[in-house]
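S.K.: Sequence:
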Amino acid sequence: MFVFVACSDSSDSGKNDANEDADRLALVWESWEHINKRYASSDPLDHDSIVSGAMNSLMSKIDVEAYPFLTEIGRIRGQAPAHIPGELVDLWRAVTKYNVANPDFDPSTVAESIVAGLMYGLGDPSAVYLDAEQYPLAKESLAEGVEGSYLGIGSRVVKQDGKVVLFPFAGSPSEKAGILPGDVLTAVAGNSVV
1 MFVFVACSDS SDSGKNDANE DADRLALVWE SWEHINKRYA SSDPLDHDSI VSGAMNSLMS
61 KIDVEAYPFL TEIGRIRGQA PAHIPGELVD LWRAVTKYNV ANPDFDPSTV AESIVAGLMY
121 GLGDPSAVYL DAEQYPLAKE SLAEGVEGSY LGIGSRVVKQ DGKVVLFPFA GSPSEKAGIL
181 PGDVLTAVAG NSVV
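If you read the sequence shown in the numbering used here, its first letter stands for residue 1, the second for the next number, and so on.
Worth flagging that the hints you see were computed from the coordinates, not collected in a lab.
Careful: at least some of the hints might be erroneous.
Lysine-lysine pairs mimicking DSSO-like chemistry, simulated, CA-CA at most 27 Å apart [as the list claims (entries may be wrong)]:
#1 Lys-97 with Lys-61
#2 Lys-37 with Lys-139
#3 Lys-176 with Lys-37
#4 Lys-176 with Lys-163
#5 Lys-163 with Lys-37
#6 Lys-97 with Lys-176
#7 Lys-159 with Lys-176
#8 Lys-159 with Lys-139
#9 Lys-139 with Lys-176
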């Protein structure tokens, strides 16, 4: 299970320039970084599918039709701020374009929707985005479902790039033993697993 939890500040500061929009979408850029660094799968990440999920979620949230909106985004020229990941420039352009046409629109209001779309784009039913209200409920539900029922060390074990990668569950024996998310397993009881 890959769970991404974040909180955003959707307060409106009254600024509308491109750099301000990018900053109000910081949750999106941070999520992208976490997905690229922390998501474990035996298959390489399909960035096009992930971004497509985010774009679909954005368009649904702001209630626009794909055509001509996507065509117009493709015609936008100019540089995105340097801190915008290259794969997400079209998302930034989409929010910026919508913001220009709707000056009272606050880009941070769609940040969580975009992040949920990124997670959906992973194509992994166990990958989910939880907002600040959903997280405690999900954590409690998960704790009730697995309390006292660990088999093994209490880690998700994933083969990634020819390595065995561990992701310990909170409060599990592996976490208590000091295993960190993303640690690579090299041997068990002195026997190599590589």
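S.K.: Which of the listed hints are not met by the structure?
M.R.: The structure conflicts with hint 6 only, although it agrees with all the remaining ones.
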